[in-house]
Amino acid sequence: MSFVTISHLRVRYGKFEAVKDISFEIPKGELFGFIGPNGAGKSSTIKVLATLLKPSGGTVTIGGVDVVKNPAKIRRNIGYVPDFFGVYEDLTVREYLHFFAAAYEIERGKREGLIGDALALTDLGGKIDAPVDGLSRGMKQRLSLARVLLHDPELLLLDEPASGLDPRARIEMRELLKELQRLGKTIIISSHILHELAQLCTRIGIIEAGQMMAEGPLEEIFRRLNLMRVVHVQLVNPTDALIAAIRAMPGISGVEPQADRLAIQWREGELAVEDLHDAIHKLGGRIRMFQPEALDMETAFMKLTEGKTA
Amino acid sequence: MSRWTSVSLPLLGKELIEHANRRRTYVARVIYAVALVGVYGVVQLQMSQMYGAQGASLLGQGGMLFEFLFRMQAIGILIVMPAITAGAFTQEKETGSLILLLLTPLTPAKLVLQKWLSRVLIMSGFLVLALPLAAMAYAYGGFSADFLVAGSAVLLLLYLQVGAFAILMSAWFRSTVAAFIAAYVGVMTVDFLVPPAIAPWLAIDMVSHLGSSGTSLQLWPNARHVLATVVVMLVIASSVLAWRARASGGNPVLGIFRGLDRLFNRGDELLGRRRRVVSLPVSQPIAWLEFNRRSLANWRYLIRLLVPIELLIAGYIGLVSGGMSNHLWLYILLLPLVVLVLLVLGTSLIAGERSGQTLDVLLTTSISPKSIIRQKMRALYRILIALCVPLLTVVLYPLVGRPTAFGSSGDDNILGHVLTISILLPLMAWLAVWIGLVITNRIRAMVTAVIATVIWLGGGLILQFLLLMVGGYRMEGPANLLSSFTPLAMETYGLLVGSGNMDATPIVLWCVLHLSLLLVIRHVCLSRAAALLLRA
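Here the protein sequences line up with chains A and B, keeping their order.
Everything in the first sequence is counted per this note's numbering, starting at 1 for the first residue and increasing by one.
Everything in the second sequence is counted per this note's numbering, starting at 1001 for the first residue and increasing by one.
Keep in mind that the hints were calculated from the coordinates and are not lab data.
Wrong hints could be hidden among the right ones.
Said to hold, decoys possible - Stretches of chain A that chain B covers, calculated by requiring three or more beta carbons in the stretch to come under 8 angstroms of a beta carbon on chain B:
{"id": "1", "segment": "102 to 112"}
{"id": "2", "segment": "115 to 125"}
To be verified - Below 30 angstroms or equal to it, Euclidean Cα-Cα: the simulated DSS-like pairs (lysine-lysine) are:
{"id": "3", "chain 1": "A", "residue 1": "Lys69", "chain 2": "A", "residue 2": "Lys127"}
{"id": "4", "chain 1": "B", "residue 1": "Lys1110", "chain 2": "B", "residue 2": "Lys1014"}
{"id": "5", "chain 1": "A", "residue 1": "Lys15", "chain 2": "B", "residue 2": "Lys1110"}
{"id": "6", "chain 1": "A", "residue 1": "Lys69", "chain 2": "A", "residue 2": "Lys20"}
{"id": "7", "chain 1": "A", "residue 1": "Lys73", "chain 2": "A", "residue 2": "Lys110"}
{"id": "8", "chain 1": "B", "residue 1": "Lys1370", "chain 2": "A", "residue 2": "Lys73"}
{"id": "9", "chain 1": "A", "residue 1": "Lys110", "chain 2": "A", "residue 2": "Lys178"}
{"id": "10", "chain 1": "A", "residue 1": "Lys69", "chain 2": "B", "residue 2": "Lys1370"}
{"id": "11", "chain 1": "A", "residue 1": "Lys54", "chain 2": "A", "residue 2": "Lys73"}
{"id": "12", "chain 1": "A", "residue 1": "Lys178", "chain 2": "A", "residue 2": "Lys73"}
{"id": "13", "chain 1": "B", "residue 1": "Lys1370", "chain 2": "A", "residue 2": "Lys110"}
{"id": "14", "chain 1": "A", "residue 1": "Lys15", "chain 2": "A", "residue 2": "Lys28"}
{"id": "15", "chain 1": "A", "residue 1": "Lys73", "chain 2": "A", "residue 2": "Lys20"}
{"id": "16", "chain 1": "A", "residue 1": "Lys54", "chain 2": "B", "residue 2": "Lys1110"}
{"id": "17", "chain 1": "A", "residue 1": "Lys127", "chain 2": "A", "residue 2": "Lys178"}
To be verified - In silico contact screen, one side only, chain B against chain A (beta carbon under 7 angstroms); selected entries:
{"id": "18", "residue": "Ser1279"}
{"id": "19", "residue": "Leu1280"}
{"id": "20", "residue": "Pro1281"}
{"id": "21", "residue": "Pro1285"}
{"id": "22", "residue": "Arg1293"}
{"id": "23", "residue": "Gln1357"}
{"id": "24", "residue": "Asp1360"}
{"id": "25", "residue": "Thr1364"}
{"id": "26", "residue": "Thr1365"}
{"id": "27", "residue": "Ile1367"}
{"id": "28", "residue": "Ile1462"}
Note that beta-carbon positions come from the ideal geometry of N, C-alpha and C, so glycine has one too.
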C-alpha cells in the first residue's frame, strides 16, 4: 500500500514548466532518494508535498489525504527540512524548539519531554541552552531534524540535507536518517550527491528536466538498465587458468586483474552474487576476500540522464 | 594606455545596467513625470486665475513658476534619494556579497564612490524630467538665466548631500530596515529643524533661501560648505564600510534594553529577590517571538523608550504653552515619521521572514497562514499604539485644564488630528502589510510603499486644493463631499467644524470611507493569506 502517491504532477512557474507529468508511489517506511541535477524539479516536487507550492496539474496524496484539498491535515503529518537553515536571531536551542512545539500545537505538558527526546536522538542534549546562531552547520541541520520530530510526523521531507556539511557531519546525518527509518518514518530525501544516497536509500527516483527517468528499488533499476555490477575478489591462487575459467562463466562480462585482486564484472540478472561466490570456489579458487561494490549510482545516473535542464 | 582609459568603474556599470534592465525604473519615471506635470499644471492654472484667464497674463511670471518647480524637485529629491540609496550596501550585506566585493582590489572608498555615483546618476534621470517644464517657465520670462543655473546647482548639491547621507547610513547599518528609517529620519529631521549653527552646511537651507539670494555667485560660499560635508560623509562611509560589513546584526536599542535587563536581574539577585524567569511560548509562538525577540514590541521596552520621549515633549509644550498652533511643527514632524516607521515595519513584517528563509518552515507547521499574519499584526499594533502616544500627547496637551475645548478650540484642530491618528495610521499599517505581501523583495516593497503613500497623500492634498479652487475657496456642496475621499481631509475639516463653518457630514463620510478601506485591505490580507504568503 503506497503512503505517498504522486500522479501526473505538473508544476509551472509562468511559462516555464519545472515538473512535467511525473508519477510515482512510495510505500510506507521507505527511504526514498530523489536524484537529479540542479534545476531538475526535485525541490519543486518536495515543495508540493510540503504544501508550499500548488501544482499546476495532477494529484498528490500523503496517507490518502490530498495535499491541495487538505493542506492543514497534511502539515500535521509531515516534517519539512529545507536546503537552507533560516535562523531566528537570539533564540537558544530550547526556545527554538519550544517555539516550534507551540507552532505544532503540542500540549504544553508534553513539550519538555518531547524536546528532550528529540535532542537526545539528534545528539544535541548538551546544547539546549546554546544560542542557535552559534551552532555549527551540522548541528543546525540536526536541530532542524529535531524540530520536525517534535510532532512525530509520519513523513519527513528533506531537501538537500547534506549540502554544505563536512564529512563527519554527513556521516552523522546518514546514521540519524537510518535511525529514523528504523523508527518507521517514511523519508524523502533529495540530493545530487549520488554515492551518499546509494548507501542510504531503499528506493530512488531519477529526475531530469522535470521528467522522471527511472523510479523504484535500486536493484530493480540496475536490472532494468542491465547494468554491470562489480565484485572485488582476492584469491590466494589467482592462476591464469582460473582467471580464464571465471571469464568463461555465464553472466560474467569481464575480469580485470588488479594489484592484489580481481575486479569481476557480472550481470546481476543472470548470476546471483552468492552463486558467483560458489562457482569460484568450485573452480578451485581459494577466496581471501569477496566484496561486491555498492551499486554504482553514477553509472545509472549517467546512463539515464543526458545532462539536460528543464 | 592613458590614465583616463585605464579608469574602471565596474560596480557603477553593474548598478546602472541593473537599473536600466528593471521595468519598474521606467514605471517610476513615468509616475514621477505625471505627478510633476500634474502639480505644475495645477499651479499654472491657479496663477492664470490670479492674473487673469488669458495666457498672456502670465508673461513675466515665469520666476514664480520656476521657483515652484524647483521646490517640487527638492521635495522629490528628499523622498526619492533616501529610498533608492539606503539599501545600496545593506542589501549587499544581507545577501553576503559585500564581503566578496571587499575581497576584490576595489577599495572601500571606490565602492562607496561608485555606489553613490550610481544613485546620483539615477536621481539625475528623474530630475531631467522637469526640463520641459523649466523651459515653459523660462518662456514666460521674469527670471534670469543665472537664477536658472543657481536653482539647478542647488538641486544638484541637495541630491549630492542627501545621497551621501543615505550612503553613510547604508554603510553603517546592518539591515535595510534600519538604514531606511535612519536615512529618512535624518533627512526629515534636518528638513524640519534646520539648526542655525549648521544651516550654512545644509543644501536644504539653500533651497529655502534661493528665492531671496538669487544668483549662483552668492550661493558659492554655502556650496563649498555643502560639498565639504558630502566629502566628509563619503570618507566616513568608506572608513566604516569594512568594519560594519562584519558587524553582527541585531537591534542596538534592543541590545541596550537587554543589557539593562541583565543589570536589573543582577540587582534582584543581590537584593535576594526572585530572578525574572525567561518566558517560553505557550499558544501563539509568532506573537511571542515578535514581543520578546524581534522588535521593540515588548511593553517593558516600549515604556522605557517612551518615558524620556514623553518627558521631552511635555516639557517643551509646557514651555511654549498656549494652543496647539504654537507647537504644530512638532505634529507635522512626528506624523510623517510615524507613517514612515509604520510603512517600513509593515512591509518588513513578512518580508523579514522571507529574507531570513524561515517562512517556508513556518508555513509547514500547524499555524494557518491567516494566523501567521494575525500574530504578526499583534506586534505591529502594539508598536502603532506606542507611536501614537507622542502624537496624541502633542495633540491633546492643549486640553489639559480646558477639556471643553475638544472639537471647538478655535485654531486647534484636535478632532481632525485625533481622527487622522486613529483611522489613517492603522490604515497605513495594513496598506504596508499588503504591499509587503504582494511584493516579495523587501527593499522594493518599502520603496513602493513610500512612493505609493506620497502619491496617495500628496495626490489627496492636490485634489483638495483643486476642489477649493473650483469652489471659489469655500468648502461647500459636492466639493465638500468629494474632499472626504482625500486621506488628509481631516487635517482641515476638523478645523472648519471647530470654527462652526461646516456641518459634520463630510467628517462622517471620511470616517466611513477610510474605515471601510481599512477593513477591505485587512480582509484581503487575511482571506488571501495562504496565496500571498506562498508567493515565491
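Going down the list of hints, with the structure as the test:
1. 102 to 112: holds (count 5)
2. 115 to 125: violated (count 0)
3. A:Lys69 <-> A:Lys127: violated (39 angstroms)
4. B:Lys1110 <-> B:Lys1014: OK: Lys1110 of chain B and Lys1014 of chain B at ~14 angstroms, within 30 angstroms.
5. A:Lys15 <-> B:Lys1110: Given pair Lys15 of chain A, Lys1110 of chain B is violated - Cα atoms ~41 angstroms apart, limit 30 angstroms.
6. A:Lys69 <-> A:Lys20: holds (21 angstroms)
7. A:Lys73 <-> A:Lys110: Cα-Cα ~21 angstroms, so holds.
8. B:Lys1370 <-> A:Lys73: Cα-Cα ~16 angstroms, so holds.
9. A:Lys110 <-> A:Lys178: holds (26 angstroms)
10. A:Lys69 <-> B:Lys1370: Satisfied, since the Cα-Cα distance of roughly 17 angstroms is no more than 30 angstroms.
11. A:Lys54 <-> A:Lys73: holds (16 angstroms)
12. A:Lys178 <-> A:Lys73: OK: Lys178 of chain A and Lys73 of chain A at ~26 angstroms, within 30 angstroms.
13. B:Lys1370 <-> A:Lys110: Status holds; Cα separation ~26 angstroms.
14. A:Lys15 <-> A:Lys28: Distance ~35 angstroms between Lys15 of chain A and Lys28 of chain A Cα, so the pair is violated.
15. A:Lys73 <-> A:Lys20: holds (26 angstroms)
16. A:Lys54 <-> B:Lys1110: violated (46 angstroms)
17. A:Lys127 <-> A:Lys178: Holds, because 23 angstroms separates the two Cα atoms, which is no more than 30 angstroms.
18. Ser1279: Given a least distance of 9 angstroms, the restraint on Ser1279 of chain B is violated.
19. Leu1280: holds (4 angstroms)
20. Pro1281: holds (4 angstroms)
21. Pro1285: holds (4 angstroms)
22. Arg1293: holds (5 angstroms)
23. Gln1357: Holds - the Cβ of Gln1357 of chain B comes within 7 angstroms of chain A, reaching about 4 angstroms at its closest.
24. Asp1360: holds (5 angstroms)
25. Thr1364: For Thr1364 of chain B, the interface hint holds, since the closest Cβ of chain A sits about 4 angstroms away, which is under 7 angstroms.
26. Thr1365: Since chain A brings a Cβ to about 4 angstroms from Thr1365 of chain B, closer than 7 angstroms, the hint holds.
27. Ile1367: With a closest approach of 5 angstroms, the Ile1367 of chain B hint holds.
28. Ile1462: Nearest chain A Cβ about 38 angstroms off; hint violated.
Of the numbered hints stated above, those contradicted by the structure are hints 2, 3, 5, 14, 16, 18, 28, listed in ascending order.
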